[in-house]
Amino acid sequence: MTWVVRLVVLVPALAGLAGLLLARSRPAAQRIAVGAAVATTVLALIQWVAPLGTGDIDTFGALPLGDLSAPLHLLSDELSGLIGFVVAFVVLTIQAYTVWYLREDARYPQFAAGVSLFAAGMLLLVQSADLVLTLVGWEIMGWCSWLLIGHDSERAAARRAAYKAFMVTRIADIAMVVGLITLSVRARSTDLFAVLTEPGRTGLLTFGLVCVVFGIAGKSGLVPFHDWLPDAMEGPTPVSALIHAATMVAAGSYVIARLFSLYAGNDAARTVLAVLAAITMVYAAALAFAQSDLKRLLAYSTLSQVAIMLSALAAAPAAFGVGPGMGHLVGHAFFKALLFLGGGWLAVIAGSTALAPMAGHVRSGVVLRWGMAIGFAALAGVPPLVGFFTKDTVIDAALEGAADGAGFRAWVVVVALFATVLLTAAYCTRAWLVLANGPQPARRPANGALEVERVGAPAGSVTNSRLAGVAWSPDGAVVAAGTERPPEQTSAGEPDPELVDETPPAPSEHRPSVQVAPWRGWWSDTELLALLRTASVAALAAGSVLGTLLLLTLPGSIHVGWLSAVVSVLLIAGAAWAVWVVARRGQRDAADVLPQPVRAAAVAGLGADTAYAAFGRAVVATARLVVFLDRDVLDAYPRAFAATTRAVGRAGQRTHRAVPSLGLIGVVAGVVVVAVLGVTVWR
Amino acid sequence: MAVTILVLVPLVAAILLLAMPPVSGADRAVALVASVATAGLAVVVSALRLEVDVMWIRALGIRWHLAPDGISIALILLTVLLTVGIVLHTLHGPPPEGGTRSTLLGCVLLVEAGALGTFLARDALLFFVAFEVVLVPMWVLIRRFGDHHRTDAVRADAAGRFIFFTVLGSTLMLVGILFLVYHQGSSDLGVLAAAHGSGMPHGVQLAVAALLLAGLGIKVPIWPLHTWLPAAHTIAPTAGSVLLAAVLLKMGTYGIVRLAVATVPDGVATLSPVLAVLGVVGIVWGGLACLVERDLKRLVAYSSVAHMGFVVLALASGSHTGLQAALFGNIAHGVVASLLFFVVGDLKEQWGSADLAVARVALRDTAPRFGLPLVFGFAAALGLPGLVSFWGEFLALYAAWFPAPGRPVALLRVCVVLGAVGLAIAAGYAVRVIRIVWAGEGSDPAASPVRDLRGARRAVVVALVGATVVLGVGPQLLLHLSNADAAGLLEAVRR
Chain R
1 MTWVVRLVVL
11 VPALAGLAGL
21 LLARSRPAAQ
31 RIAVGAAVAT
41 TVLALIQWVA
51 PLGTGDIDTF
61 GALPLGDLSA
71 PLHLLSDELS
81 GLIGFVVAFV
91 VLTIQAYTVW
101 YLREDARYPQ
111 FAAGVSLFAA
121 GMLLLVQSAD
131 LVLTLVGWEI
141 MGWCSWLLIG
151 HDSERAAARR
161 AAYKAFMVTR
171 IADIAMVVGL
181 ITLSVRARST
191 DLFAVLTEPG
201 RTGLLTFGLV
211 CVVFGIAGKS
221 GLVPFHDWLP
231 DAMEGPTPVS
241 ALIHAATMVA
251 AGSYVIARLF
261 SLYAGNDAAR
271 TVLAVLAAIT
281 MVYAAALAFA
291 QSDLKRLLAY
301 STLSQVAIML
311 SALAAAPAAF
321 GVGPGMGHLV
331 GHAFFKALLF
341 LGGGWLAVIA
351 GSTALAPMAG
361 HVRSGVVLRW
371 GMAIGFAALA
381 GVPPLVGFFT
391 KDTVIDAALE
401 GAADGAGFRA
411 WVVVVALFAT
421 VLLTAAYCTR
431 AWLVLANGPQ
441 PARRPANGAL
451 EVERVGAPAG
461 SVTNSRLAGV
471 AWSPDGAVVA
481 AGTERPPEQT
491 SAGEPDPELV
501 DETPPAPSEH
511 RPSVQVAPWR
521 GWWSDTELLA
531 LLRTASVAAL
541 AAGSVLGTLL
551 LLTLPGSIHV
561 GWLSAVVSVL
571 LIAGAAWAVW
581 VVARRGQRDA
591 ADVLPQPVRA
601 AAVAGLGADT
611 AYAAFGRAVV
621 ATARLVVFLD
631 RDVLDAYPRA
641 FAATTRAVGR
651 AGQRTHRAVP
661 SLGLIGVVAG
671 VVVVAVLGVT
681 VWR
Chain P
1 MAVTILVLVP
11 LVAAILLLAM
21 PPVSGADRAV
31 ALVASVATAG
41 LAVVVSALRL
51 EVDVMWIRAL
61 GIRWHLAPDG
71 ISIALILLTV
81 LLTVGIVLHT
91 LHGPPPEGGT
101 RSTLLGCVLL
111 VEAGALGTFL
121 ARDALLFFVA
131 FEVVLVPMWV
141 LIRRFGDHHR
151 TDAVRADAAG
161 RFIFFTVLGS
171 TLMLVGILFL
181 VYHQGSSDLG
191 VLAAAHGSGM
201 PHGVQLAVAA
211 LLLAGLGIKV
221 PIWPLHTWLP
231 AAHTIAPTAG
241 SVLLAAVLLK
251 MGTYGIVRLA
261 VATVPDGVAT
271 LSPVLAVLGV
281 VGIVWGGLAC
291 LVERDLKRLV
301 AYSSVAHMGF
311 VVLALASGSH
321 TGLQAALFGN
331 IAHGVVASLL
341 FFVVGDLKEQ
351 WGSADLAVAR
361 VALRDTAPRF
371 GLPLVFGFAA
381 ALGLPGLVSF
391 WGEFLALYAA
401 WFPAPGRPVA
411 LLRVCVVLGA
421 VGLAIAAGYA
431 VRVIRIVWAG
441 EGSDPAASPV
451 RDLRGARRAV
461 VVALVGATVV
471 LGVGPQLLLH
481 LSNADAAGLL
491 EAVRR
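As you go down the protein sequences, you meet chains R and P in turn. Per the working numbering, the very first residue in the first sequence carries number 1; after that it's consecutive. Per the working numbering, the very first residue in the second sequence carries number 1; after that it's consecutive.
These aren't lab readings, by the way, just hints derived from the structure by calculation. Beta carbons are placed, not taken as given, at the ideal position from N, Cα and C, and that holds for glycine. It is possible that part of the hints are untrue.
Label pairs and their calculated CB-CB ranges [what the hints assert, rightly or not]:
no., chain 1, residue 1, chain 2, residue 2, range
1, P, G455, R, A613, 28 to 34 Å
2, P, V470, R, G407, 48 to 54 Å
3, R, W562, P, V470, 55 to 61 Å
All chains should be built: construct the whole structure from the sequences, respecting the hints.
Next comes the structure, spelled out in structure tokens:
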């Protein structure tokens, strides 16, 4: 059975390597990627149903290090089983969806391999019983995020977003590395259980735990490290779903959960976490309301939701354990992946990821409409969807924490949670109203998703022009940077997110579809691909409805207090009603009531990017100073040496005019005399 | 006997190659056979731990004592395998400028002979002799075969700088060795290590350690003695750059472990705060320089300074973990830097320069066989887990957080934090390079594309990528190799 645990990591890792190094053809890459995802899901399911309850599963032997040990073990318990299964399942839906989404992309094999590697990193982190392995999985995810966000490396915006994401998270990783090392050295071992059971020395412990909080703040997007995530929307939609739903962004809360017994006894570290999480959750939810781009809206909502998970870990009483936080992780994984995949589908139909052009398109298909509806409702926390249960469990846990004497940190979290519930309901309602109420596009056959897709299949030539790095809009207009360009662009230019509100929905004119060779005889490729997409969305929608059942296996993950539930339902209903009124029953965008400067500032992330850029410039200025010092100060000594030697040589040359002077003869004679005298007298 | 032959094969082949008339085509066969035979012999010698121990200079008591052990085997294998790679690479490229191919190959094999002698020597003076053998051929490689797009004065400067620094280092080291041998009455490294500095007053130990560390630190190079390295790397041909990075720098760290840490532990312990600070300054300094450096080869050279900083930091910790980390980081840097120099050197060969500011075609789609190894190389350079460098760097920080008793804990912990900052800086420069060269930031799609890697050159690069991954996934392979001898070396220190 221990092999199952190892294979859960090994299968996607090998699939990633194979896809990267071997698979050149698309069918092979598809088979490897989807096959490995299916296998991983099955293995993870076995692991979840029958967890081994051990933390001593060898990977490849302990490192021989002498004083400090690093056993590199894996673990398998209920928590790792559940999270591992959810990760594997979400990755499977994403892999299936990607086959459709990137059907015209020549770089599909690389992308699918990247997703597999990413999954391997996350699953390693989930099953790691060793802080080094945790760090390994953590860093692998960071690297894969760089690779995948920058997938469309022809676009400067994608390159920049990838660089930004990697650098911001890597800078936070400074604290992560130091924190993990501190915790390990306390126990003289990187083994998780040794670290958890090591008594004493609270000063170092607090330092280590606070460092880890700042470390996870990077990938989890806590303020002030949050701004990479909205920009990461430059990546293709599947990778956005992957990063947000179950892997990188959620990984931080899992790491904290694994170390929970240390945090539970450490007030300082939990207060830091609570404050960061509370600020982030309200701030991001407020910004989400004003976004004009669906993907950026979802990105801000992720920041907010991840902060909710972390706040549960910061505020819940020690007796509650990690259930509330991990429960929300699972629920969020389903509905956020659903929203992203549905959003990507919408973006393909509308030709843009901006909200305005998408208006009305959500009615294009039954699965799409219901999927998005369920996704937004679950995000807002409407009962009986999974989001309601997990979010209210968090609220309940925070209230219990406050009652338990946690004081400041619990109250901060409680206030922030209620504010977030209100804001989340508001932005979900606003987004839904925009998506559902636009003018119905004339071209739409409106009899099911498959029809839409057949009409919408783009010409193969698109790929080539895209790969050549040329703007591929028909009229040759330069495409504005801002959001990801969905694979099926149909109309001129992509609106800049900041200008989107003024832009009327672009008229759609589709390219004629290309007849694709039949695949496996009786199904056309297009139909199969569309089916994969629809099935992925449907599976995630089912997860968002039924996810609560999965959580019954995790103790403490569902624990709804009736009072807080009533309050939050009232808040949700009130916010939804208010937005509905402001939006004039969906006749206009509710965010239009915001003053234009406020709106523009919110879309631009309130200048966080400018601050990051200023930091970057400061580092570069320091680097220039270093180069100056290196070339003109440190290197002055060898140059001075060379110059001095040359000067001495010249001086010597000048004094020796190659004419034996009288003085020289005298000196030589004197030396001879002295030598003779010396020899004779010595004897 | 086999050990002697191991050193003699490349030496004799080098002499043959250097003496060969320029028109003969036999250089290919000689170089290939010699390098492959050396590699085979080295594997045998390492596997069976063969040794040779005969009196060499009776009057001085210097023995011809060559033997591999856990600390040197990895370096020996790295040297011989990379030499095969360099020979293949040279034979499958355009004829070198500045001299004949046989001269170039002769110099490469001469460096190999010297390096093998250095790694195998068990006598301090034999070590010194072998250490010096590499200087002249390396100088020839830089001076004669250096970048011919640059003026002669630039090549002369780089080569002269190399000689000036390394000879200065050798001189300091020689004085240190003589001091040590005079005090201990033996030049046998085994005897010296077993004595672990006993019988030497602390002041003398300190002086010897300072001389040895300064001398060998130039070779490593430890900041601020590094300014010869970027110039030498930029000008040297690919063969020279790879040898410099993978062999010559390693001789420095190896020498520190073998000569200084083992024989004058107290002196080194006293100097360890200095070492740690210099190491960490090197990490940050080299990394920052890489952030704005325009010349790609120079950039890789500065990244070498940063990586060797981690090795120095690990040595400063003085613990068993630290020694393991340093030995591992040494090999890791050898593999990664040679991979990068092979790829970057080939790119420079086609581009005509290695200036990052020149708009070129992005490698990602036009030359994936260049692109992928480049991405692997820089991913390794930034310490990505799963690739070889991660373990050296992480373990260095881990060890430095918990140094051997008596070392300044607080100072070393500050150094660890700064070292972790260095990891972030490494990410910055590595991704910067990939973004420009591979993803095409500021690229010019109309520029002429590079010919993709093919044949033997590709095989060499692929083998190095494989080594990066294999050692990154299984660091135990190397750590087990050095574990017992590292422990033995420190047992002496502990007593």
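Structure-based check of each hint:
1. G455(P) with A613(R): 28 to 34 Å: violated (44 Å)
2. V470(P) with G407(R): 48 to 54 Å: holds (53 Å)
3. W562(R) with V470(P): 55 to 61 Å: Since W562(R) and V470(P) have Cβ atoms about 58 Å apart, the given range 55 to 61 Å holds.
Violated hint for the displayed structure: number 1, the only one.
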